[in-house]
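Peer 1: Top to bottom, those sequences are chains A and B. Just so it is clear: in the first sequence, position 126 is 126 by our numbering, and no numbers are missing. Just so it is clear: in the second sequence, position 26 is 26 by our numbering, and no numbers are missing.
Quick caveat, the hints were computed from the structure, so don't treat them as lab data. All of these numbers come straight from a predicted model, not from anything done at the bench. Hints are not guaranteed to be accurate.
In silico contact screen, one side only, chain B against chain A (beta carbon under 8 Å); selected entries [as the list claims (entries may be wrong)]:
#1 A11
#2 D13
#3 V14
#4 I17
#5 V18
#6 D20
#7 L21
#8 G24
To list a few chain A residues with every Cβ distance to chain B over 10 Å, as calculated [said to hold, decoys possible]:
#9 R123
#10 G166
#11 T221
#12 F463
#13 R537
Built from N, CA and C at the ideal position, the CB exists for glycine as well.
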Amino acid sequence: VKPIGQTRTEWALLTVIALVCAILSLLQYRWTGELSKAEPAPLRAGLNDQLHRLSQAFNNEVRDNCRMLLPNLQSPETGLVEAFQTGYNQWVASRDRDLFLRIGLATTEKDNVILYGINRAGRVEAMAWPEDWDDLHKAIAAHVKGPARPPDARPDSNLLQMPIFGEVGPERGWIIFELNEEYVRGKILPQLIAEYLNPVEENYDVSVSRSGPGAQVIFSTSSDHSAVGEGADATAGLFASQVAGSAAARGRGRFKDEGGFSRWIIAVRHRGGSLDAAVASARRKNLIVSLILVGLLGGTAWALVQYTGRSRRLADMQFRFAAGVSHDLRTPLTAIRGAAFNLIEGVVKDPVAIARYLRLILRNAEELTGIIENVLAFSAAQHASKQGHLEVIEVADVLEHAVAAMAHEIEQAGCRIEVSIESGLPSVAGDSVSMDLVFRNLIANAVRHGPGGKWIGVSAAPFGDGVEVRICDHGPGVPEREQGRIFEPFYRGEQTRAQRVQGTGLGLSLVKNTIERYKGTVAVVNSSGGGAEFTVRLPALQKA
Amino acid sequence: MTSRILVVEDALDVQLIVADLLRGHGHEVVVSSDGNEAVRIAGEQRFDLMILDVMLPGKTGFELCQSVRERRCISISSATLRSTSNTARYRAPDRL
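Given these sequences and hints, build the entire structure.
Peer 2: Here you go:
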């Protein structure tokens, strides 16, 4: 019985699953969209936070070093130069001396501003003002002489000056630091980025540039060493303009963040172009993954329905097979049993009749053996995944053997067999027992289905790089709609069943299985002269 | 007592054995292996008993039985059948 109802259920199930998958995809698209709209704001806030912490760490590092170098003037008798030397010595012993390129102490003596620096031996000594400190020199001198403002920091300069005050009175001097830009670029910034922007650094470009006109790039992680520019996802100031404090109040020195400015700007931008672009790209990736998952879900459901259908068809075929086999076994068994009964009971006494009975028993026993052989061979072929034992097969020999083995059945069916085997056929690879069974099955099939035509044709000829064997009959042929199915296991055609043609529905399946195992093909057509024509093609044995 | 019996069976070996057995008991046996042929024979001759296979070419054993009964050419007293997957699909009234 064709399970039409179940097939409808399967299609209904598939439709429901497809609908659910489509709805899930839409929801996924919508929710991912909402999420991606909300996502950039916290990400940007997080980036800003990270950058500010980095900035603070950098400024603290500079400030701490400056504080250590501030001369300690707690005792009024202490000379400024001595205090500077002491501070320097302490600083060198405990801190990273590469942070500053040069350190100087500017003091006023009468109206002169004298600069003290550190010589190669680490000693403080008076020195000439370097040319690139000239602006600062002039600013300090002007402030000392008149009402001019104290010297200001400049964004294009790496100089940092801190006034030194005594207990009372004006500034006693200034301590001047020149930040080692090369060192900051090569060591400090990479360290801080790794510490504060990890793992952001993997996906983001970071640049540091001067805040003044020209925005000279100091540091950049982008491949072309350019500044992140206007499309930055987050920015923060770096290297505050001033450190406030006095020698009298050492320990209170601090950057004037309030009211001051940052000389450098650190900026971060996602490598995808911007944070929004990166979020959009992540959304697309998410969507693709989700769609693949939904697709997989749908595909799995479809495959499940297919496999279930196939299993049910197989179970149906097996049921028919069990019914068919039991019927086909019962007929020869009934004959054997009945014949034996008649012999024992003395129903037949005539020696000619007895001989006829014995032949009948033998023939039916052979038929039984054939059925059982096919069932066993089919079972073995179902479990044989590899080619197994291979030998050199001469198709002509195997074919002749099969024809001879079937001679009795052919004669019983009243058929005439015509065999035409060309000489010089190439050898093929295979197992002789399986091959013999293949040809016997095809001949037996012709005997069963072609007795009306009383003719069976067997021919073998070279074909391309192999051998082609044809087995034809003049029977009713195979209906076109059944031609694709007769090689399925357990399948028996409508005509076959209606006409009670014996067979288990395994023979042709076994043929196909075996031939394909040896890289060959088998096909059936209805020949123009009427009847079925089975064509087996086997590749020639590859010579080593 | 000798009876005339029609044996309809398409498996020729089984047909021979049944016919031999019945003949051994002294009955007169006529054999056929086709449903339509059997209907014709039953119409032409008179039989005391018919032994029919169920699955037959031409007509099934049940159809054959029905045809014969309609022609009233034989009195059917009783028969037994063992139900198999083939016979089970016939409705109860078809069973004799």
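Peer 1: With reference to the structure, classify each hint as holding or not holding.
Peer 2: Now the hints, each set against the structure:
A cut of 8 Å between beta carbons decides the hint on A11/B: the least distance to chain A is about 5 Å, and the hint holds. For D13/B, the interface hint holds, since its Cβ comes within 8 Å of a Cβ in chain A; the closest pair sits about 4 Å apart. Restraint check, V14/B versus chain A: the minimum CB separation of about 5 Å is within 8 Å; hint holds. Of the supplied interface hints, the one on I17/B holds, with its beta-carbon coming within about 4 Å of a beta-carbon of chain A, less than 8 Å.
Below 8 Å, beta-carbon pairs count as interface contacts, and V18/B has one with chain A at about 7 Å; its hint therefore holds. Restraint check, D20/B versus chain A: the minimum CB separation of about 5 Å is within 8 Å; hint holds. Against a cut-off of 8 Å between C-beta atoms, the interface hint on L21/B holds, since the closest Cβ of chain A lies about 5 Å away. Checking G24/B against chain A by beta carbon gives a least distance of about 4 Å; that is within 8 Å, so the hint holds.
Every beta carbon of chain B lies more than 10 Å from that of R123/A, the smallest distance being close to 117 Å; the non-interface claim holds. For G166/A, the shortest C-beta to C-beta distance to chain B comes to about 121 Å, beyond the 10 Å cut-off, and the non-interface label holds. Listed as a non-interface residue, T221/A keeps its Cβ farther than 10 Å from every Cβ of chain B; the least gap is roughly 81 Å. Residue-level check passed: F463/A sits 39 Å from the nearest beta carbon of chain B, beyond 10 Å.
Under the 10 Å C-beta cut-off, the non-interface status given to R537/A relative to chain B holds; the minimum distance is some 36 Å.
Hint check: no violations occur; every hint is consistent with the structure.
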